[in-house]
Amino acid sequence: MSDKLIIGNFQFDSRLLMGTGKFADNDIMIKSIIASGAQIVTVSVRRFNPDNPSADILSPLLKIKNIHIMPNTSGARTAEEAVKIALAAREITDSSLLKLEIHPNPHHLMPDPIETFKAAEKLVKEGFTVLPYMPADPVLAKRLEDVGCSAVMPLGSAIGSGQGLRTYELLRIIIAYATVPVIVDAGLRSPSDAAIAMEMGCDAVLVNSAIAIAENPEEMAKAFSEAVIAGRRAYKAGLMPSTNGASPTSPIEPPF
Amino acid sequence: MNIFINGKEHQYNDDVSLLDIMKELNIPHKRTAVIINEEVISKNSYQNVKLKNGDKIDFIVLASGG
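Chains as they are written, first to last, in our numbering: chain A, 1 to 256; chain B, 1 to 66.
The following block holds chain B by itself, in its conformation from the complex (with noise of 0.2 Å):
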């Protein structure tokens, strides 16, 4: 199926979960936050996180500005 990740898209098999897509991509979990479809999903729920085909995800991060 194909999942946009930060605005790119990327195929995957269908059983792939938003665990294994952060773990592929090295996203440090502590400092990272996850939009899917537009929704903040909370940090205790990524394994209950049921992906489709369309599905925007945004790996969120906090970096400098003032």
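If we strip away everything but chain A, and leave its shape as in the complex, we get (with noise of 0.2 Å):
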């Protein structure tokens, strides 16, 4: 049965996005996105070093079959400076797929959600399919639905803590009203957490921390991968109600 993930025109197969910071080396990434079976990988956009050419990362992501770049405007403080990254990114990767975040404070990184509504009004009318970083806000959400944002992606909790989902019941509330895809981004640790994330109806994760510094980041990826499908098979199969008292699964007299 097909059960693609659909962000605006786009179809993938796998609900597990992934970032690429913090990876020890190209190769150690390459090989996890590869393990990870991911189809969306997220890049940040920097001022070319002529002194170190090579550190652009494009050349070898290309070399993964089925994978789209999505850039995202990580360093924007501003709507003004996030629509400028965007537009430069997309010179590059001549595609519509955009991660907007906007997070002003260097230490908490939480996104700023004014300046993110109004750069995806902007981002969205020049053509861009926006996924946007965001609080846990089920208002927001809507909001950034309404001005056309192809999904939204609330945050687990805060940027590379491993806290896990400190957001679960405002998740859940986003996910019971959302009509596009609700995506997990930032704050998980363990496959058991986007198992969580998908069981409860989000529509795919995004992880990077919890793979790239991980003690073996290519299994980690495997890891996440599985627990990702796991996850979403138990929310299609539908999770048994839960209750306050037991219930037997055995007769409870005694059987002679």
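No wet-lab data here; the hints were simulated from the structure. Some clues are possibly wrong.
Straight-line alpha carbon distances no greater than 20 Å define the calculated EDC-like cross-link-like pairs of lysine to aspartate or glutamate that follow [what the hints assert, rightly or not]:
hint, chain 1, residue 1, chain 2, residue 2
1, B, 43, A, 126
2, A, 84, B, 55
3, A, 125, B, 39
4, B, 56, A, 81
5, B, 43, A, 91
6, A, 122, B, 39
7, A, 118, A, 169
8, B, 30, A, 80
9, B, 30, A, 51
10, B, 8, A, 51
11, B, 43, A, 94
Here are the simulated distance ranges between beta carbons [unchecked claim]:
hint, chain 1, residue 1, chain 2, residue 2, range
12, B, 45, A, 47, 18 to 28 Å
13, B, 16, A, 95, 26 to 36 Å
14, A, 236, B, 48, 52 to 62 Å
15, A, 94, B, 50, 22 to 32 Å
Here the structure is a predicted model, which is why all the values come from computation and not from measurement. Cβ coordinates follow ideal geometry from the N, Cα and C atoms, glycine included.
Put the two chains together into one complex; each comes in its own frame, and the hints tell you how they fit.
Printed below as a string of structure tokens:
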């Protein structure tokens, strides 16, 4: 049975998106992406460094089959900066896929909801397929959806924190009302975090640090891939209701 | 004339072109975006760009990030 992740005009088989930061080197990053089965990989946008012309990561990434590069606007502190970064990135990728992220405070990296909303409005009009990284706020999720974002990406917890799904109850509300894919982005630590997100009805998860700084990133990428598949399968299968009391699975009368 | 490239000031002859600068710095065309004075320049208009004293050029590439 087909179970594609549909984001704007794009379709994907994998529901695990990956970031490319913090890997020890490009070789480990590429092996981990392949092991993850991810089809959307996010990258940042930086000034070219003439002293280190090989720092560019596009060439190694493009050797991976069936992959879509999704630039992100990290480093932007305002909507205006994010739009400029997005337009520059599109000149390179020639694709509309964009992870919109605006987090002005380098200490907590929490997304700025107001600037994110303003940028989303503009970028949708510019023809981008916008996936905004956002606080886990159901009202903001709806507003971003209303201005034409193709998905919403609420945070599980702070970027790189490994604190897991601290926003669980808010994610539940976002999922209940969203009509675009909900992708949990940031904070996941373990494959079980990813499985829980998928079981509760998230459409996908985006993982970076949990894989990149694991002791064995390639193995961890595989583990996340399996967890996302298991979580999605469980969601589709329909979890049993939970109750406050016990409900016996065997007869409770003495057998004889 | 003075041109600021990625935030640093450089001296060039008055007739220097954007393509000359890209060649000199070994800028990989396919993997790079060009921003001049905050304006993103479309790839097919590089040869039409006229540089002037004080212009700020940023050469942008993709890098790792989550």
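Consistency of the hints with the structure:
no.: 1; hint: B/43 to A/126; verdict: holds (17 Å)
no.: 2; hint: A/84 to B/55; verdict: holds (17 Å)
no.: 3; hint: A/125 to B/39; verdict: holds (18 Å)
no.: 4; hint: B/56 to A/81; verdict: holds (16 Å)
no.: 5; hint: B/43 to A/91; verdict: holds (7 Å)
no.: 6; hint: A/122 to B/39; verdict: holds (16 Å)
no.: 7; hint: A/118 to A/169; verdict: violated (26 Å)
no.: 8; hint: B/30 to A/80; verdict: violated (25 Å)
no.: 9; hint: B/30 to A/51; verdict: holds (19 Å)
no.: 10; hint: B/8 to A/51; verdict: holds (13 Å)
no.: 11; hint: B/43 to A/94; verdict: holds (11 Å)
no.: 12; hint: B/45 to A/47: 18 to 28 Å; verdict: holds (21 Å)
no.: 13; hint: B/16 to A/95: 26 to 36 Å; verdict: holds (32 Å)
no.: 14; hint: A/236 to B/48: 52 to 62 Å; verdict: holds (54 Å)
no.: 15; hint: A/94 to B/50: 22 to 32 Å; verdict: holds (26 Å)
Violated hints for the displayed structure, listed by number in ascending order: 7 and 8.
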